[in-house]
Each structure stands twice: as structure tokens, then as C-alpha cells.
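> Sequence:
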Amino acid sequence: MRVAIAGAGAVGRSVARELLDNGHEVLLIDKDPQAIRPHAVPEAEWLLADACELSSLSEAGLDRCQVVVSASGDDKANLVVALLAKTEFAVPRTVSRVNHPANEWLFTESWGV
Numbered sequence: 001m002r003v004a005i006a007g008a009g010a011v012g013r014s015v016a017r018e019l020l021d022n023g024h025e026v027l028l029i030d031k032d033p034q035a036i037r038p039h040a041v042p043e044a045e046w047l048l049a050d051a052c053e054l055s056s057l058s059e060a061g062l063d064r065c066q067v068v069v070s071a072s073g074d075d076k077a078n079l080v081v082a083l084l085a086k087t088e089f090a091v092p093r094t095v096s097r098v099n100h101p102a103n104e105w106l107f108t109e110s111w112g113v
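Residues in the sequence shown are numbered from 1 upward in steps of one, following this note's numbering.
Be aware that one or more of the hints could be misleading.
Derived DMTMM-like pairs (lysine to aspartate or glutamate); straight-line CA-CA distance at most 20 Å [unchecked claim]:
hint	residue 1	residue 2
1	Lys31	Glu45
2	Lys76	Glu45
3	Lys76	Glu53
4	Lys76	Glu43
5	Lys31	Asp75
6	Lys86	Glu43
7	Lys86	Asp32
8	Lys31	Asp21
9	Lys76	Asp32
10	Lys76	Glu109
11	Lys76	Glu104
12	Lys76	Asp50
13	Lys31	Glu59
Simulated restraints, written as ranges between beta carbons of each label pair [what the hints assert, rightly or not]:
hint	residue 1	residue 2	range
14	Thr108	Pro38	32 to 38 Å
15	His24	Thr87	20 to 26 Å
16	Leu54	Pro92	15 to 21 Å
17	Ser110	Pro38	22 to 28 Å
Please keep in mind that the hints were generated in silico from the structure rather than gathered at the bench.
C-beta atoms are modelled at their ideal positions from N, C-alpha and C, and glycine is treated no differently.
Taking the hints into account, I'd like the entire structure generated from these sequences.
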């Protein structure tokens, strides 16, 4: 299974390692050059890009992914990534990190999460 992870911080890298250990293909995406650390998860593909931009997700090949994980520290960005993955790229499953409990109500099937 091919999985894209938006957010290559500690959470995203941890999820990537677990998925790779279970035989999945992983692409880590982050807009922060400091977060792009291929040596930390060498088996993964890496992309320096803003996952909230449609062109970046297209470049990432989201249409070939079965799962998209939004793992950034920004709830708004995580919601946008999940919504774009579902509506624009027909990704069957999205999983998002919710950083602030007050925002949990936004992360529902109606928003694509």
C-alpha cells in the first residue's frame, strides 16, 4: 500500500517507520526544509512541498495513494490536506492528527477525515 504523510516531524516520521516496517511504501511531505531529513527514515521518499497546495499534492502523486496521513502540528493544515486528498484525488482513506481537542468536531467523515 502507498501512503503519503503530510508533516515530517516526530509524529510523521514515527508513523512512517511503522508503516515501512510493515511493508508499505511511504512518501513524507513537508514545507519546512529543516524537517526534510532523509537520513532519519532512509527507506521513505521525501518531498519538500506545501501539502496544502493542490499542485504539490499532484506532484506527490496522491492519486496513486491508498492512504493519506495528515500529521502536522497545525489542525487547519491537517484538515485541508485530508479534504483535498478525498475530494481532488479520491484517496480512499485519510487519517489526521488532531492537536487541539476543541477542533476534534471538525475531523469527521463530512470533511473527509
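> Assess, step by step, whether the Cα of Lys76 is no farther than 20 Å from the Cα of Glu104, and give holds or violated.
Since the Cα atoms of Lys76 and Glu104 sit roughly 11 Å apart, the hinted pair holds (cutoff 20 Å).
> Check whether the Cα positions of Lys76 and Glu109 lie no farther apart than 20 Å.
holds (16 Å)
> Is the hinted pair Lys31 and Asp21 satisfied, with a Cα-Cα distance of at most 20 Å?
violated (25 Å)
> Given the hint of 20 to 26 Å, check if His24 and Thr87 actually sit that far apart at their C-beta atoms.
Between His24 and Thr87, where Cβ atoms are some 23 Å apart, the hint holds.
> Does Glu45 lie within 20 Å of Lys76 when you go C-alpha to C-alpha?
Answer violated: Lys76 to Glu45 is near 24 Å, above 20 Å.
> Holds or violated: are the alpha carbons of Lys76 and Glu53 at most 20 Å from each other?
Holds, because 13 Å separates the two Cα atoms, which is no more than 20 Å.
> For Ser110 and Pro38, compare the CB-CB distance with the range 22 to 28 Å and indicate the outcome.
violated (36 Å)
> Given the proposed pairing of Lys76 with Asp32, does the C-alpha separation stay at or below 20 Å?
Distance ~17 Å between Lys76 and Asp32 Cα, so the pair holds.
> So if I understand the rule, the pair passes when the alpha-carbon distance is 20 Å or less; does Lys76 with Asp50 pass?
Since the Cα atoms of Lys76 and Asp50 sit roughly 13 Å apart, the hinted pair holds (cutoff 20 Å).
> Between Lys31 and Asp75, is the straight-line Cα distance small enough, at 20 Å or below?
Cα-Cα ~15 Å, so holds.
> CB of Thr108 to CB of Pro38, is that within 32 to 38 Å?
holds (34 Å)
> Would you check the hint for Lys76 and Glu43, treating anything up to 20 Å between C-alpha atoms as holding?
Roughly 29 Å separates the two Cα atoms, so the pair is violated.
In summary, the numbered hints that this structure violates are 2, 4, 6, 7, 8 and 17.
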